[in-house]
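Enquirer: Residues per chain, in single letters:
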Amino acid sequence: MVHKKNILVFNSSSKKLSGLTLVEVLIAVIVGSFMMAAIYYAYSVFSGSYLSIVEKVSVNKALRASMTDIIKDIRMAGYIDENTNILNKTNFEAIKFDNNMVGSGGSDQISVIFDRPVDVSSGAYISNRIQSRYFLSPMDGPPGTGFSLFNALTTCGDAACNNNLVVTPNRKISDFVENLQFRFYGEQGQNLTTFSSSQVKYVEISILIRSTNEIYPAAISKNFRIGEITIPKNDRYYRDSLTVTVFPRNIIK
Amino acid sequence: MMLVRRNLNTSKIKKSLKGISLIEALVSVVVVGIGFVSILQMTVYATRSVDIAIEKNKSNFIAEMMMESIVADKKNAQNYLVNFKCDYKLMSDGTVSDRIKNFWLSSFDRSLDQNRCLGNDIKETKINSTEGTISINFHLGDGAQKKYLGLQLK
Numbered sequence: 000m001v002h003k004k005n006i007l008v009f010n011s012s013s014k015k016l017s018g019l020t021l022v023e024v025l026i027a028v029i030v031g032s033f034m035m036a037a038i039y040y041a042y043s044v045f046s047g048s049y050l051s052i053v054e055k056v057s058v059n060k061a062l063r064a065s066m067t068d069i070i071k072d073i074r075m076a077g078y079i080d081e082n083t084n085i086l087n088k089t090n091f092e093a094i095k096f097d098n099n100m101v102g103s104g105g106s107d108q109i110s111v112i113f114d115r116p117v118d119v120s121s122g123a124y125i126s127n128r129i130q131s132r133y134f135l136s137p138m139d140g141p142p143g144t145g146f147s148l149f150n151a152l153t154t155c156g157d158a159a160c161n162n163n164l165v166v167t168p169n170r171k172i173s174d175f176v177e178n179l180q181f182r183f184y185g186e187q188g189q190n191l192t193t194f195s196s197s198q199v200k201y202v203e204i205s206i207l208i209r210s211t212n213e214i215y216p217a218a219i220s221k222n223f224r225i226g227e228i229t230i231p232k233n234d235r236y237y238r239d240s241l242t243v244t245v246f247p248r249n250i251i252k
Numbered sequence: 000m001m002l003v004r005r006n007l008n009t010s011k012i013k014k015s016l017k018g019i020s021l022i023e024a025l026v027s028v029v030v031v032g033i034g035f036v037s038i039l040q041m042t043v044y045a046t047r048s049v050d051i052a053i054e055k056n057k058s059n060f061i062a063e064m065m066m067e068s069i070v071a072d073k074k075n076a077q078n079y080l081v082n083f084k085c086d087y088k089l090m091s092d093g094t095v096s097d098r099i100k101n102f103w104l105s106s107f108d109r110s111l112d113q114n115r116c117l118g119n120d121i122k123e124t125k126i127n128s129t130e131g132t133i134s135i136n137f138h139l140g141d142g143a144q145k146k147y148l149g150l151q152l153k
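Just so you know, the protein sequences line up as chains A and B, in that order. If you use numbering that gives the first Met the number 0, the first sequence corresponds to residues 0 to 252, in order. If you use numbering that gives the first Met the number 0, the second sequence corresponds to residues 0 to 153, in order.
Keep in mind the hints are simulated off the structure, nothing from the lab. Certain hints may be false.
[Unchecked claim] Calculated lysine-lysine pairs in the DSBU-like style (CA-CA distance at most 30 angstroms, straight line):
#1 LYS232/A - LYS88/B
#2 LYS71/A - LYS145/B
#3 LYS125/B - LYS221/A
#4 LYS145/B - LYS60/A
#5 LYS171/A - LYS95/A
#6 LYS55/A - LYS146/B
#7 LYS125/B - LYS71/A
#8 LYS71/A - LYS55/B
#9 LYS84/B - LYS60/A
#10 LYS146/B - LYS71/A
#11 LYS221/A - LYS55/B
#12 LYS60/A - LYS146/B
#13 LYS73/B - LYS221/A
#14 LYS84/B - LYS232/A
#15 LYS232/A - LYS55/B
#16 LYS74/B - LYS95/A
#17 LYS74/B - LYS71/A
#18 LYS146/B - LYS55/B
#19 LYS55/B - LYS60/A
#20 LYS145/B - LYS221/A
#21 LYS71/A - LYS73/B
#22 LYS55/A - LYS84/B
#23 LYS84/B - LYS146/B
#24 LYS221/A - LYS88/B
[What the hints assert, rightly or not] Covered stretches of chain B, going by a simulated chain A footprint (3 or more residues, C-beta under 8 angstroms):
#25 21 to 34
#26 37 to 47
#27 59 to 73
#28 146 to 152
[Stated by the list, open to error] Ranges of calculated distance between the beta carbons of each label pair, as one might list FRET restraints:
#29 THR46/B - ASN87/A: 49 to 59 angstroms
#30 ASN222/A - TYR147/B: 27 to 37 angstroms
#31 GLN187/A - LEU80/B: 18 to 28 angstroms
#32 ALA64/A - ILE22/B: 52 to 62 angstroms
#33 ASN222/A - ILE19/B: 27 to 37 angstroms
#34 ALA36/A - ASP92/B: 54 to 64 angstroms
For glycine and all other residues, C-beta sits at the position ideal for the given N, C-alpha and C.
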C-alpha cells in the first residue's frame, strides 16, 4: 500500500523527476573519464616519484656506507699497537694497491694493514694485526648485472701479512658498484704511480654506484669522472659518484 | 509512512531531488583538479628535498676531507684560506697547498651537482692563526643550506 501511494505521488509530480537524459549521461561519462585520467596520471607521477626517491636514497646510502668503511680503514693504515701480538712490529707495507683488476670492470683494489684490538674476556689487552682488503666482484646473475663491493679481513701471521692466520668470509658492503678507483699522492701533493706506503700522504678514493632499477623515463647521457678515467653512460639508471681524499695519518714516515 | 508521504508531496523536496547541475559538477572537477596540482607539486618538492639531502651528505664528506687536508699540513694552514664560488678555476699547481686545493676542486666538480651551483653558493675555509681555529663553511642551494665544520688545532 505504501509503495503504491508513493508511486502515485511520483507520477503526479513534475517532469524533472523522470531521470537523466542521454546528453546528461554522456556529459557525466566525459567528466568521469577526465577524473579517471587525472587519477591515473597522478598515480603514475606519485609512483614514479616514489621509485625515484627510493632509488636515490638507496644509492646514496650505499655510497655513504662504502666510503665510510674505506675511509675508516685507510685512516688506520700503518697503525702499530704496543700490545700487538706480532713480534716484529715494524717494516711492513701498510697500503697494498692493485690497479685495474681483471674481472672487476677495470676497478682497483686496496689492502691496508694495521693493528686492531681484540675483545678478550680475560681483560688482557691484545691487538691483532689485520689486513683489510676492498675489492669489486661480479654480482650474482647474468653477465653485466654489475659488481658488489666486498671487504675481506685477514688476521696476519707476520708483520707484513704474508702469512695469514685467519681469513674471515668476505663481507658485502654494497651492490651495483660500477667503479672503484684509488690514486695516491706524496708529501708535495704529487701523483704517485709506484710507491712505498711511507711515501703516501693522501689517498684519493672515487666510487660510482648506480640504482637497482631504471628511474628516468628516457635515457640520460652523462660522463662520470672516476679517478683518472671518464666513464660515459647513456641509459635510464640513476648514478651517483663521490670523490674524496684521505690522510693516512698512522703511516710512519 | 505518513511522514514520508507528506514530505514527498511538498514542492521543496521535489526541488532537492533534482541533483547537481553540469556547472556545479564542472566547478567541483576544477576544485579537485587544483587539489591534484598542489599534490603533484608536493612530489616535485619531495624529490628536490631528497636531492638536497644527498648533496648535503656529500658536502659532509668533502668538508671533512678539506679539514683533514689542512690538519695534514697544519704548519702551512694559512695557505689554505680560500673562498670558492661557482666559477672557480684550478690553481696554478705551484705549491703543495695549491695542489691540495685542486684536489678539493676536483671533488666539488666530480661529486656535487654543478648544475645547481647558484650565485650565492660558496665553499670557504676560514683560518684563524691566533686562536688556532679552522672553519669550513658550505653554502649550497643559493646560500640557503649552510654547513659549518670547525676545529681547533693544538
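Enquirer: Against this structure, judge whether each hint is valid.
Expert: Hint check results:
With a CA separation close to 26 angstroms, the supplied pair LYS232/A and LYS88/B stays within the 30 angstroms bound. In summary, the hint linking LYS71/A to LYS145/B is supported, as the alpha carbons are separated by about 26 angstroms, within the 30 angstroms threshold. Note on LYS125/B and LYS221/A: the hinted pairing is violated, with a Cα-Cα distance of about 34 angstroms set against a maximum of 30 angstroms. With a C-alpha separation of about 21 angstroms, the suggested pair LYS145/B and LYS60/A falls inside the 30 angstroms cut-off, and the hint holds.
Distance check on the hinted pair: LYS171/A and LYS95/A sit about 20 angstroms apart at the alpha-carbon level, within 30 angstroms; holds. About 22 angstroms separates the Cα atoms of LYS55/A and LYS146/B, which keeps this hinted pair within 30 angstroms; it holds. Among the hinted pairs, LYS125/B with LYS71/A is consistent with the structure: their alpha-carbon atoms are about 26 angstroms apart, no more than 30 angstroms. The straight-line distance between the Cα atoms of LYS71/A and LYS55/B is roughly 20 angstroms, inside the 30 angstroms bound, and the hint therefore holds.
Of the supplied pair hints, the one linking LYS84/B and LYS60/A holds, its CA atoms being roughly 28 angstroms apart against a limit of 30 angstroms. Our distance criterion of 30 angstroms between C-alpha atoms is met by LYS146/B and LYS71/A, whose separation comes to about 22 angstroms. Pair hint LYS221/A plus LYS55/B holds up; C-alpha atoms about 22 angstroms apart against a cutoff of 30 angstroms. Distance restraint check for LYS60/A and LYS146/B: the Cα-Cα separation of roughly 20 angstroms lies within the 30 angstroms cut-off, and the hinted pair is therefore satisfied.
Restraint check for LYS73/B and LYS221/A: the C-alpha separation of about 38 angstroms exceeds 30 angstroms, so the hint is violated. For the suggested pair LYS84/B and LYS232/A, the alpha carbons sit about 28 angstroms apart, so the restraint of at most 30 angstroms is met. Proximity of LYS232/A to LYS55/B is assessed by CA-CA distance (about 24 angstroms); at most 30 angstroms being required, the pair is judged to hold. Simply put, LYS74/B and LYS95/A have alpha-carbon atoms about 29 angstroms apart, close enough for the 30 angstroms limit, and the pair holds.
Under the criterion of a C-alpha separation no larger than 30 angstroms, the hint pairing LYS74/B with LYS71/A is consistent with the structure, at around 24 angstroms. About 8 angstroms separates the Cα atoms of LYS146/B and LYS55/B, which keeps this hinted pair within 30 angstroms; it holds. A distance of roughly 13 angstroms separates the Cα atoms of LYS55/B and LYS60/A; the hinted pair therefore holds under the 30 angstroms criterion. At roughly 28 angstroms between alpha-carbon atoms, LYS145/B and LYS221/A fall within 30 angstroms of each other, so this suggested pair holds.
Proximity of LYS71/A to LYS73/B is assessed by CA-CA distance (about 21 angstroms); at most 30 angstroms being required, the pair is judged to hold. Of the pairs offered as hints, the one joining LYS55/A and LYS84/B holds, with about 27 angstroms between alpha carbons and a cut-off of 30 angstroms not exceeded. About 15 angstroms separates the Cα atoms of LYS84/B and LYS146/B, which keeps this hinted pair within 30 angstroms; it holds. The straight-line distance between the Cα atoms of LYS221/A and LYS88/B is roughly 22 angstroms, inside the 30 angstroms bound, and the hint therefore holds.
For the region 21 to 34 of chain B, the stated coverage by chain A is satisfied: 6 residues place a CB nearer than 8 angstroms to a CB of that chain, which reaches the threshold of 3. By the rule of at least three residues with a Cβ nearer than 8 angstroms to a Cβ of chain A, the coverage given for the region 37 to 47 of chain B holds, with 6 such residues. Coverage of the region 59 to 73 of chain B by chain A holds [criterion: at least 3 residues with CB-CB distance below 8 angstroms; count 8]. Counting residues of the region 146 to 152 of chain B whose CB falls under 8 angstroms from any CB of chain A gives 0; the rule of at least 3 is not met.
Taken as a hint, the range 49 to 59 angstroms holds for the pair THR46/B and ASN87/A, whose Cβ atoms sit roughly 56 angstroms apart. At roughly 32 angstroms, the beta-carbon separation of ASN222/A and TYR147/B lies within the given 27 to 37 angstroms, and the hint holds. For GLN187/A paired with LEU80/B, a C-beta distance near 20 angstroms keeps the hint of 18 to 28 angstroms intact. Distance hint check: the CB atoms of ALA64/A and ILE22/B are about 58 angstroms apart, consistent with the given range 52 to 62 angstroms.
For the hinted restraint 27 to 37 angstroms between ASN222/A and ILE19/B, the CB-CB distance of approximately 57 angstroms leaves it violated. The hint said 54 to 64 angstroms for the Cβ distance between ALA36/A and ASP92/B, and at roughly 59 angstroms that hint holds.
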